[in-house]
Amino acid sequence: MEEKKRTTIVLFSGDYDKAMAAYIIANGAAAYDHEVTIFHTFWGLNALRKEENIPVKKGFMEKMFGKMMPRGADRMGLSKMNFAGLGPKMIKDIMKKHNAIPLPQLIDMAKEQDIKLVACTMTMDLLGLQQEELLDGIDYAGVAAYLADAEIGHVNLFI
Amino acid sequence: MEEKKRTTIVLFSGDYDKAMAAYIIANGAAAYDHEVTIFHTFWGLNALRKEENIPVKKGFMEKMFGKMMPRGADRMGLSKMNFAGLGPKMIKDIMKKHNAIPLPQLIDMAKEQDIKLVACTMTMDLLGLQQEELLDGIDYAGVAAYLADAEIGHVNLFI
Amino acid sequence: MEEKKRTTIVLFSGDYDKAMAAYIIANGAAAYDHEVTIFHTFWGLNALRKEENIPVKKGFMEKMFGKMMPRGADRMGLSKMNFAGLGPKMIKDIMKKHNAIPLPQLIDMAKEQDIKLVACTMTMDLLGLQQEELLDGIDYAGVAAYLADAEIGHVNLFI
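Here the protein sequences come in this chain order: W, B and S. In terms of this note's numbering, the first sequence opens at residue 1 and continues consecutively. In terms of this note's numbering, the second sequence opens at residue 1 and continues consecutively. In terms of this note's numbering, the third sequence opens at residue 1 and continues consecutively.
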């Protein structure tokens, strides 16, 4: 039996453009029959947040972080030329014009292609994010699970 | 026949220092007989822009992006301590003093070593960059070509 | 004899959160019996600086860089939500509350696990950092040594 190729991406960044790059590579790899995992840690967890405000019990600091971080992929900023939020709008307008797929749909597509979307439980704990606040159908794991995937991987990226 | 080692770098960043790191690793790998590809996407495309203003027909948004993004490696900013453009000057002065090779020459050297410099066609389209505006002698490809290189690679980096 | 798995990380970033991610993955990999190298280059060198001011002879520019860059892991800023230094304090408070290990201790732990901590001599030269200013017990090397490790690696990351 032939071994399947494997792509494992750590998505650390909470920038719209970097998350887009991660999801484009991931969806491409899945289309070429790789087993793909995206391990979301730190600010990359924001891509997995539900858009609506989910009322959960939190400490003060955790509430602060929750308020300051964007809720969901569509609200994330750019790594360059963000211009206080104008940049993402420009990019999205231009993406629409060129029929490029916006990040929230890239995430949906990743799920349909059975890409394993993992939320890092250690940083969820730190940033005070709870499972109810994240998208349905994702996995929860720590660095050990990440390494188990990565060490047999062909393409490993930290984004 | 022995298989050649292969290094594949995604250059996403448009920062002078990060691009320098990418090109130093790439040139080093080529010197050690790796086959090397640098896949330039998003802001990393700016490293491949010609310095002169090339008049091409563009829509309004594409013109805006074109104006706001640096034309060529020598005009890129730093990821840290940019100080409104003073940082790159400091780094370049200090590089000259230490006989370190500036980014534009690192790119020339990469070409001489037959490193494959690829511009991501999807993000060129998004940012409104046209082939006339980019350096001569580079390749044009999409995520599928990147993955074909990366999945047989020994060193894969996202910078 | 079974081949040991190998993880090689380039730490380019001088951000507290990114360095934390690098050291968490590195310590995890070492715990799972990988041979691990962290190659510190550019701003990532700051994680290896001693906290105290070490008087060494330097040129003017090198002194400037030395003053402007943080001395040691504990003084590094965040890649997101730094809020002029308030962010790192928030993160450290919340880490204490959740019993997460602060970066300086993660570095100590890495040494105890025999993770090879390497300072990039080329960028030390550029930024004017001298061996006396960096932690004891680390290695000094260039891109050739990095590549020798990376090309036989299973997990290669650029952070």
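Hints listed in this document are in silico derivations from the structure and should not be mistaken for laboratory results. Among the clues, some could well be false.
Unchecked claim - Result set (EDC-like, lysine to aspartate or glutamate): computed pairs, CA atoms no more than 16 Å apart in a straight line:
1) S:Lys96 / W:Asp125
2) B:Lys96 / S:Glu62
3) B:Lys111 / B:Asp33
4) W:Lys97 / B:Asp33
5) S:Lys4 / S:Asp125
6) S:Lys5 / W:Glu151
7) W:Lys63 / S:Asp93
8) S:Lys89 / S:Glu112
Just so it is clear, the structure is predicted and the values come from calculations on it, not from any experiment.
A quick look at each hint next to the structure:
This hinted pair checks out: Lys96 (chain S) and Asp125 (chain W) have alpha carbons roughly 12 Å apart, not beyond 16 Å. Proximity of Lys96 (chain B) to Glu62 (chain S) is assessed by CA-CA distance (about 13 Å); at most 16 Å being required, the pair is judged to hold. Taking the CA atoms of Lys111 (chain B) and Asp33 (chain B), the gap is near 14 Å; set against the 16 Å cutoff, the hint holds. Restraint check: the Cα-Cα separation between Lys97 (chain W) and Asp33 (chain B) comes to about 43 Å, which exceeds 16 Å; the hinted pair is violated.
Only pairs whose Cα atoms come within 16 Å are accepted, and Lys4 (chain S) paired with Asp125 (chain S) is rejected, the gap being roughly 33 Å. Note on Lys5 (chain S) and Glu151 (chain W): the hinted pairing holds, with a Cα-Cα distance of about 7 Å set against a maximum of 16 Å. Proximity of Lys63 (chain W) to Asp93 (chain S) is assessed by CA-CA distance (about 14 Å); at most 16 Å being required, the pair is judged to hold. About 27 Å separates the Cα atoms of Lys89 (chain S) and Glu112 (chain S), which puts this hinted pair outside 16 Å; it is violated.
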